[in-house]
Amino acid sequence: MQGQRAGIVSRFLADAIDFFVVVAALIGVYLGYAVFRFLLEPRRFTWPEPSSLYLGTLGWILLILYLTVAWANTGRTFGKRVLGLRVVTSEDDRLPLWQAFARACLCALFPIGLFWSAVSGRNASIQDLIARTHVIYDWRPKLPPLEG
Amino acid sequence: MEHGATAPRSLGKVVPLRVAAQPPPPLEQLVEQGLRIAIGLGALATEVLSEAVARTLGREPLGETEPAAEESPHPATGLPLVAGAAIGLGLEVARWSARAATTAFRSAELFFGLVTSPEPVRAPLEQASSRLGWLDDRWREQRPRDEEAAAAFLRLLIPQVVDATMDQIDLNELVAERLEIDRVVELIDLDHVIARIDLDALVEGIDIDRIVRRIDLAAIVDRVPVDDIVTRLDLDAIVARVDIDGVVSRVDIQAVADRIDLQRLVRRLDLATISNQVIEEIDLTGIIQEAMGSMTTETVGGLRVQSMNADRAIARLVGRVLGRDQDDTPDPPEQREPR
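Chains as they are written, first to last, in my numbering: chain A, 1 to 148; chain B, 1 to 339.
Chain A extracted, bound-state conformation (with noise of 0.2 angstroms):
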C-alpha cells in the first residue's frame, strides 16, 4: 500500500489533527503574549481579550506558516505523520517552497476543498489539482534518496 494515493477518511483525520494543531498553537501564543503582558506590567495585569476577526486572522497565518514549513521539509505535517501520508508533486518529488505555500495557502483558503478527493478518480483535492500535487501512503520515517 506504500505510495498510493490516499482517501479522503486518512487525510480528513490527518487534516483534522493539523487543526487541533494550530489551535493549540494559537492558545500558546496567547499564553505567551499574556506572559509578556504580566512581566511587564504586573500590577495592572489583565488577560487580554482579543477580537475574533484578530484571533482567526492569527489562526490562519499560523496554519499556512505551519503548512508551508511542513510540506517543504519533510511533505508531512504532525497529523500526516500521526496517519502516514505524505505530500509529494506530480513527479513525486518534495515540495519546493512556492508550491508549498501556494498549496498551504489554497487549504487554508478552502479547505472544504479536501472533500473533493473522495469523488476525484485519483483521490485529488481541490488544492492537488490546482497546486499539482498528490498525498500518498508513506509510513516510512523518511523521504526515499531521490535519484539524481
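These aren't lab readings, by the way, just hints derived from the structure by calculation. Take the hints with a grain of salt, since some may be wrong.
[Unchecked claim] Per the computed footprint, the stretches of chain B lying under chain A, defined by three or more beta-carbons under 8 angstroms from a beta-carbon of chain A, are:
| no. | segment |
| --- | --- |
| 1 | 153-159 |
| 2 | 311-324 |
[To be verified] Covered stretches of chain A, as calculated for chain B (at least 3 residues, CB under 8 angstroms):
| no. | segment |
| --- | --- |
| 3 | 94-107 |
| 4 | 118-128 |
[Claimed, not checked] Short derived list, chain A residues pointing at chain B, Cβ under 8 angstroms:
| no. | residue |
| --- | --- |
| 5 | Met1 |
| 6 | Ala6 |
| 7 | Tyr137 |
| 8 | Trp139 |
Note that the Cβ used here is the ideal one computed from N, Cα and C, for glycine as well.
With the hints as your guide, set chain B onto chain A.
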C-alpha cells in the same frame, strides 16, 4: 494563795507543785494507806538496791533472765518467808494501832470537851486559841512568799536534777526497750498530721538546684543496666500503643516548616551533579524513543490501517455510485512507490 497557785503555771510544761486541798480522810485510813505506801516503797527500794548490787557484781538481774516468773510464782521459803510474814504482821499491827489511836482520839476529844466546858477553864483556852489563830494567820500571810521562794528554788534545782538523770539514762535504749512503736503509730492519726503539713511551704524551702547539683547523674546512669532493660522491652508493643495520628495532629507542621532554612539546604545541594546522575539513570531519551516507537507500532499503526481500509471502502462506494470501474482506483502500490 493566789501567788502560790500562779507561779508554777508560768513554767510552762512543769506540773503544778500543789493542788487544791481535799477534805482529809479519816485518820485510820490515812495511817493504813501511809503504811502501805511505806511498805511498798520499802519493797521497791529493796528490789532496786538488790538489782544495783547485782549489776555492780557483773550479773544480770533476775527479772531479765527469767521473764516468765510472774505467771507461776514459787512459794517463798526461808528468809523471804520470814521477811514477808514480818511485813504482814507490821501491817496488821499498824492497822490495829490506827484503830486504837482513832478510838483514843475520839475518847480524848469527848473528855476534852467535858473538861473545857466550865468557864474558868474555857477562858484561858480561848485566849490560847486566839493566840494560836494569830500565829496561824501570820503563817498563812507568809505562805505565798515561802511557796514562791520554794518554787524558784525548785525551778533551778529540777533542770539540774533532770540533766543529771538524763546523763545516766540511755534514752535510745530506754525507748527501744519500753516503747511499743507499732502501738504508738496506730494511735497517731497520720491523715490529720499530713493535713496539717503545709507542703507548699515545705517545697518552697527546698533548694532543688542545689540538690540536683549534688547528684552525680553520670554515676547513676553508669549503674543502670541499659542493655538488659532494652532487651527486656517489647518495643513493638510499645510502638503499637502510641497514637501516631494523635501525635502528628498535635504537631504544628507549618511552624516546623517555618523554622527550616530551605534556601540554605538547597544551596548545600549539588543540584547539577544530582540532576546529571538522575538523567543518566533515567535515560530519558531512551524512554521517549521507546514510547514513541510503541505508539507508532501499536496505536498509530492500527489507526493507519483502519483509516486506509476506510479509504478503500469509501472509494469502492463512490465508484459504485458513479458507476466507475473499480480497477481504476486506486493506483497500484508498485507504480506509486516514492522514489
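Evaluated hints:
1. 153-159: violated (count 0)
2. 311-324: holds (count 7)
3. 94-107: violated (count 0)
4. 118-128: It holds, with 5 qualifying residues against the three required.
5. Met1: holds (5 angstroms)
6. Ala6: holds (6 angstroms)
7. Tyr137: holds (7 angstroms)
8. Trp139: holds (6 angstroms)
Checked against the numbered hints given earlier, this structure breaks hints 1 and 3; the rest are met.
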